[in-house]
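As given, the protein sequences belong to chains G and Y, one line each in that order. In terms of our numbering, the first sequence has 32 at position 32, counting the first letter as 1, and numbering is strictly consecutive. The number in our numbering is simply the position in the second sequence, starting from 1, with 1000 added.
Some hints could be false.
Stated by the list, open to error - Some, not all, of what chain G presents toward chain Y, calculated at C-beta under 7 Å:
1) Asn28
2) Asn112
3) Ser116
4) Lys119
5) Asn189
6) Arg190
7) Ile192
8) Asn194
9) Gln258
10) Lys259
11) Gly364
12) Thr381
FYI, nobody ran anything at the bench for these hints, they're computed from the structure. Yeah, the Cβ is synthetic: ideal placement off N, Cα and C, and Gly gets one too.
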Amino acid sequence: MNQTASAPILTTDGIPLKVSLKKVERKNKIRAFLLVLPLLAFILVTFLVPIADMLARSIDDRHINTVFPKTFEVYEKWDRKDLPSEELYATMFFEVKNSEGYQIGKASTRMNYSKSGWKSLLKKSKRKFKKIEEGPYKEKMIEFDKRWASLEYWKALGVMVDPTTMGYYLNAVDLKFDSNKEIIRQKENRRIYNHIWFKTFKVSFLVMFFCLILGYPISYLLATLPLKYSNLLMICVLLPFWTSLLVRTVAWMVMLQQKGVLNNLLVMSHIIGDENRFQLMYNQTAVIIVMTQILLPFMVLPLYSVMKTIPPTYMRAALNLGASPLHAFYRVYMPNSVPGISAGCMLVFIIAIGYYITPELVGGKDGQMVGNWIAYHLKTTLNWGLCASLGAILLAVMTVLYWAYNKIVGIENIKLG
Amino acid sequence: MNVAWDVVDVLPDQAITGCDEGLFAKVDQSSFIDDLVVAPVSDCVVPQIFWAYTAFYDKAAFPGKKPKSMKDFFDVKKFPGKRGIHTWANALIEMALVADGVKASKVYDVMSTPEGIDRAFAKLDTIKDHVVFWSAGSKPLELVSSGEVVMALAYNGRIGAAILSEGKDFEYIWDGTVLEQEYLVAIKGVNESEALEFLAHASSAVSNAEQAKYIPYGPMRKSSINVIKKGEPWFIKEGGNIDIMPHMPTHPKVLKKAVIADPFWWADNGAEVHERFGAWKGS
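Okay, chain Y solo, but in the shape it has when bound (with noise of 0.2 Å):
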């Protein structure tokens, strides 16, 4: 087998199967282990970003009151308009769940029941007149600017990245952000122990800060908010650097009231709610 990668990044379901399957090499999580946000999904993975599915808008659309939580995007009585969403179901399940009251941190438990799925939907119902459909990330960034639609749902890295280089004037619904685990392997048996002394090297805490330097992904190290914290202005401009914590799905007030997506509930059950997603979106 000829492989030409050292080091892989990974999402939760590839680094289960991958590592379950020996493509990649097992790691000394020691060093990490306890300084994580949630538990690695596998014995072969270092901590890198989470990335997160999050609610926006365009300051202009409301001049009076402003949207704050996710029961706001989903109240197009309240805040009248189109959103954009996109075209899969995850997240979705979990913001509608949230959006109907559910805490944040009981999703999972309503998500396992058959009530909770059917629950969702109904969820999404309400909203399913007012949507436009986007499957590729810059798509939201568009639609709102545009006006097409008064609130997106976006990945909150294109939505700094819009505000922090492009001078967007956006802001963030955090209430209800889902949260994506993103994580680093070494390909077993190919330039093994260079690519593990790399991700010893990536995992450490400075390391995982550095990628908020450019994008406002967050760091999955619990001592790397502290980094940014003290680091700050920590995000690199042209001009002169700028505060980066505003923009991170890592923030401890945004933590507490966002989902963290759950790959294991997603491989177990995803099939089914993908194919009832499908038909509610063509219906």
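In isolation and in its complexed conformation, chain G is listed as follows (with noise of 0.2 Å):
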């Protein structure tokens, strides 16, 4: 072949190598994805749309604008000083009148977090207008309830002309928008949580504190008895570990109630008197107990597979240059191991912050947290909005750790095994 250096290599078709080596790479690498992109539409499907759904959730506030359009363009011209003209008045009857019953359930919903009294305002009226036929509407509905000659009740709409709000994430730390869209406290006896929040927090971090401190020492003999006696005594940190949790949770009810097994225990062996039995059953004390034995596998399988790469020739070469046990074990052993805390706390404070059965079984009154209040609001109170927010904070919560524990410690250095 007479061919100069520069010329580009030629396959026997006389296209350029070059080309056709990047087909056939184009080709594998289509094949590649198609072999991932069941995966890729899994999580997009069951992980990535539902939050981005969440968030939207967490902001929306169209489905009063929708119920109501007439009625926020009359609106927009109220002068929000003195009571609103008959125009606005008879807008709103017609659409009340006129609307699906199931909309205006939708629309009063929303309308009651801004003002609590609309619901049943609109519910009564959706009721009354059906016997009205003809105006003065204003008249007519001041009459049937006083509460439509309420200014707080007109200017309560207001905080909703917009499409979106923060109003929702105001109201996940007990602030809220008053009828001049500033910010302000909730009332009193509607405060919660910000109390809930420190509640969940304190859990979560005395659940991974208990978690480290039980599952320290037993990482460490899993990591250096001899393999007879290590493996029966990884089946006794597995067993649990794959038992449903609900059992678990039961089982512990049976263990901790009054008349359970450990007061039983106690009393027959005069510790305690019968009268003095401890409360160890719903409340916090229950679901500290009880979220610690269900997480503790989750310390110890990282903290073990850390441990298990640490060789036990260091902490001999630092006894054998004369430090003592205690010593060796601060100035080696630890440090050695800090990659498999780090993992195992946050592996835990992340499952624990977001729990919700066992505090919903066990945690009685003062051991409610932020998930067993989302349930509460998504099954009874139907505010999906506040369910959303709450959600978002800890979806935000979980990732200034994640960041700030990146900065720290570095995610490189973290073992899951």
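Put the two chains together into one complex, using the hints given.
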């Protein structure tokens, strides 16, 4: 062949080799992509879309504007000082009268968040309006229920004019918009969320702490005992791990309740009197005890996998060089196990912060966490916007923790096994 | 629309909404309308049962003086110990007012004023530190059986079943019991004529009494109570039937001190009360 060095190498078909190779490579890439496509689609549908939906819901404020479009048009013209004109009353009247029942339900639920009482007013009105045939509507509406003459109610609609709102996020930290769209604190008997946030973090932190205290020695034993003993110990860790969460929670109820195993044993052995049985169930103590037991494997497994890789010779060397056992542990062994500690702590904390079923079953009155309140609003009050904002805040907290952790310890130092 | 149901068992709010929206068929109520304990909530329903939120205790928990009234249920000084209550506001508002001295028949008059609601919550505050919450119907029985609480509220049928079928030594506190209505409806346009025929059959005085043979929920027709009285022992049990009247939430004696829940009040005011109750529960 008579080719200069700079000319492209050709395949037998006369296509440059580079192009041909690229073609084959692209084919492979597409094939590889097709292989991960199901997984990608799965993650998209079950993970990313719901999260996006949740974030959208937490600020969405359209459902009312679509039920009363004309009312809001007229509302814009109102000066918000004196009672609205007959025109606004009449528009509202017909939109309430002619709308579908369930639409009113949805809209009035939202309206009730900005002024308690809208829901009952609209429900009553919807039934009553059917019987009113002609105006003047303003007069008749006020005559039927004097709340129609309340400036507060009308002003409360003002915060719903925009299609998006930060209101749910404010509610999630015990704040709210007043009728002039200023941010104010919730009424005192409605303030609960800051307390619940604090409680959730407190419980999660304590569970993480106790898991570490209990899990560290177990993991150390697992990593250092001869194989035949450590296998047995490993099974002791894994068996509860494989047991249903519900079964373990209920088992703890049997153990801890007032006439349960623990209290009965203490009474029988005369350590406490029959009258002074410990209140260990249906409170925060119960939540911490049960969650610690349930989440313990999530601490033990990453710790174990890290400790397994610490050569026993390090400790021996340290002792040999004259360190006391405590000193050797503190200066040599513990620093080596830090990746495991941080992985375990993060795992336990993340799982604990969103816990629902255990606090629900054993938490009683003061052991309820954020997850329980999300469920309460999801099922009882149907305030999904608030649910979404509480969920989004949880997500944000996790992201910040992760970021801080990455800054301080470095994410490459994490080891899950 | 593909509807699999012909007949549905509904609670009052569903009965009202479904009838308003034309999902349920209108029924001929002339055969029973004068025989009901309360007027039916809509034109689509036939009577079925009353079920009740009722306070109860294990007799063993009170060897001496026994609690007898709703007042006693709310009195943690006279009868110390935990109380099991449900996690939503229905019936609790009514009971708190009864415990605070409001006559059962006047409860909704008081509840219709803002001060009345404040009064109910103030009464609830008095047991706040002594409550254990339940959300599943079987839980209060478990709480009382295990001695975790000394008294609890529960669905009366569950209490009855525990006494009658499991031989538990429970005692009802009928004072301040809150009765809730439950109806049958026919779905419009799906086997409608057969469904209506069934409703006519199911709402006869005898059929209405029939359920009490298996679980002590109360018939809605006044004459059904007489059917049961005459038919005693009515409750079917292996090894000999038993008298069911002492377990009936619609026993004439019980009705005198019971509150019949008003679904219209709850439809109008439920949202605000639930919101406030949520905050009460959490603080």
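Right, here's what the structure says about each hint:
1. Asn28: Since the shortest Cβ distance to chain Y is 48 Å, the answer is violated.
2. Asn112: holds (5 Å)
3. Ser116: Interface hint status for Ser116(G): holds (5 Å vs cutoff 7 Å).
4. Lys119: Since the shortest Cβ distance to chain Y is 4 Å, the answer is holds.
5. Asn189: This interface hint holds because 6 Å falls under the 7 Å limit.
6. Arg190: holds (5 Å)
7. Ile192: holds (4 Å)
8. Asn194: It is violated, given that the least Cβ distance between Asn194(G) and chain Y is near 11 Å, above 7 Å.
9. Gln258: Holds, because the Cβ-Cβ distance from Gln258(G) to chain Y comes to roughly 5 Å (cut-off 7 Å).
10. Lys259: holds (4 Å)
11. Gly364: Gly364(G) check passes; min Cβ-Cβ to chain Y is 6 Å, inside 7 Å.
12. Thr381: Since the shortest Cβ distance to chain Y is 6 Å, the answer is holds.
Figure legend: structure checked against the earlier numbered hints; hints not met, in rising order: 1, 8.
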